[in-house]
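Enquirer: Listed below, chain by chain, are the residues.
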Amino acid sequence: MTRREPLHLKTYLLITVMVIAGPLGNVLLGKGMKHIGEPAMWPPPQLLHTGLNIFTSASIWLGIGSLTTFFVAYMLVLSWADYSFVQPASSLAYGVVALLGYLMLGERVSPLRWAGIAVICLGVFVVGRTNPRTTGQV
Amino acid sequence: MKVVGESPSLRPAEVAKVILRALRVPWMWLGGGMMAVAFFSLLGALSIYDVSFVVPVTALSYVAGAFGGVVFLREHVTMQRWLGVLLVAIGVTLVFLGKN
Chain A
1 MTRREPLHLK TYLLITVMVI AGPLGNVLLG KGMKHIGEPA MWPPPQLLHT GLNIFTSASI
61 WLGIGSLTTF FVAYMLVLSW ADYSFVQPAS SLAYGVVALL GYLMLGERVS PLRWAGIAVI
121 CLGVFVVGRT NPRTTGQV
Chain B
139 MKVVGESPSL RPAEVAKVIL RALRVPWMWL GGGMMAVAFF SLLGALSIYD VSFVVPVTAL
199 SYVAGAFGGV VFLREHVTMQ RWLGVLLVAI GVTLVFLGKN
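Keeping their order, the protein sequence lines are chains A and B.
Counting from 1, one number per residue, gives the positions in the first sequence under our numbering.
Counting from 139, one number per residue, gives the positions in the second sequence under our numbering.
Because the hints were derived from the structure by calculation, they are not lab data.
Quick caveat: nothing in here was measured; it's all calculated off a predicted structure.
Some clues are possibly wrong.
Said to hold, decoys possible - Simulated crosslink set (SDA-like; lysine to any residue; CA at most 25 Å straight-line): (1) K34/A / S179/B; (2) K10/A / P88/A; (3) K155/B / D82/A; (4) K237/B / L112/A; (5) K237/B / P111/A; (6) K155/B / F71/A; (7) K34/A / G65/A; (8) K34/A / R129/A; (9) K34/A / K155/B; (10) K155/B / M172/B; (11) K237/B / Y102/A; (12) K10/A / S179/B; (13) K237/B / L122/A; (14) K237/B / L105/A; (15) K34/A / T50/A; (16) K10/A / T68/A; (17) K237/B / L103/A; (18) K10/A / F71/A; (19) K34/A / K237/B; (20) K237/B / G65/A; (21) K237/B / A115/A; (22) K237/B / F125/A; (23) K155/B / W165/B; (24) K237/B / G95/A; (25) K237/B / G37/A; (26) K10/A / S66/A; (27) K34/A / I186/B; (28) K34/A / Y187/B; (29) K155/B / W114/A; (30) K155/B / Y83/A; (31) K237/B / H35/A; (32) K34/A / F234/B; (33) K237/B / M104/A; (34) K10/A / F234/B; (35) K34/A / A151/B; (36) K10/A / R129/A; (37) K237/B / E38/A; (38) K34/A / M172/B; (39) K34/A / W165/B; (40) K237/B / W114/A.
Isolated chain A, as found in the complex (with noise of 0.2 Å):
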């Protein structure tokens, strides 16, 4: 009995860093970007040009520094919990991204991008409490 309550927390504490890492990550690069504005593809120097402010961009890069923290806790609670555990509860990232793009990039989301999230949480919830595995070894 012990032994499983450090698990549970380990377990939780990760999951936390999950839904926060993953939808701060995404609002960070999305702030890099507005601030750099629409890409430039072509010609050839303005690429050059986009990917420059693009790698120097502070946000840029703490935003991709959030994204590694998110997968190198999304990689070490799956070691020892459940895929359909963790699943479902990761998909509340997708609630936290639109309360932080509101919080702080003061993006407007209206009641039915709301309900269209709440949705897309339910469906998340329920693909993860399925089977993970329906094939044999290759």
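Go by the hints and put chain B onto chain A.
Expert: Positioned in the frame of chain A, the structure of chain B alone reads:
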């Protein structure tokens, strides 16, 4: 990764062996390349649209993943999973309709 096989443990040496095996599979390079395209497409989309619109729409990957799994990997997708995928598709449609 199904071709590469799972890692017997999470010890760094075992994980490194899995990564090295993965790098020898051409599919991994194609998959990695497409993920890079997806990342830069995400950046492009984020420069134009709200993140609260773009990120929910990326949930369409669940729909594409289900069809891709059936067609390319011969996965058996249960009715429950199709229901979940349908809910995601409905949710994305609502997000599109709710776009300012």
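Enquirer: Hint check: K155/B vs Y83/A, CA-CA at most 25 Å. Holds or violated?
Expert: Given that 25 Å is the threshold and the Cα spacing comes to 23 Å, the pair holds.
Enquirer: Straight-line Cα separation of K34/A and K155/B no greater than 25 Å?
Expert: violated, 40 Å
Enquirer: Hinted pair, alpha-carbon criterion (25 Å max): K34/A, G65/A. Please report holds or violated.
Expert: holds, 18 Å
Enquirer: Within a Cα-Cα threshold of 25 Å, do K34/A and S179/B meet the stated pairing?
Expert: Distance ~14 Å between K34/A and S179/B Cα, so the pair holds.
Enquirer: Check the hint pairing K10/A with S179/B against an upper bound of 25 Å on the C-alpha distance.
Expert: Not satisfied, since the Cα-Cα distance of roughly 34 Å exceeds 25 Å.
Enquirer: Between K237/B and G65/A, is the straight-line Cα distance small enough, at 25 Å or below?
Expert: Violated, because 29 Å separates the two Cα atoms, which is more than 25 Å.
Enquirer: For K34/A and I186/B, compute the direct alpha-carbon distance and say whether it is at most 25 Å.
Expert: holds, 7 Å
Enquirer: Is K10/A within 25 Å of F71/A, Cα to Cα?
Expert: holds, 16 Å
Enquirer: With the threshold set at 25 Å, check whether the alpha-carbon distance from K155/B to W114/A stays at or below it.
Expert: Not satisfied, since the Cα-Cα distance of roughly 44 Å exceeds 25 Å.
Enquirer: For K155/B and M172/B, compute the direct alpha-carbon distance and say whether it is at most 25 Å.
Expert: Holds. K155/B to M172/B sits at ~23 Å (cutoff 25 Å).
Enquirer: For the pair supplied as a hint, K237/B and M104/A, is the alpha-carbon distance within the 25 Å limit?
Expert: Holds, because 19 Å separates the two Cα atoms, which is no more than 25 Å.
Enquirer: Next pair to validate is K155/B with D82/A; report whether the Cα-Cα distance is within 25 Å.
Expert: holds, 24 Å
Going through the hint list in order, the structure does not satisfy hints 8, 9, 12, 20, 29, 34, 35 and 39.
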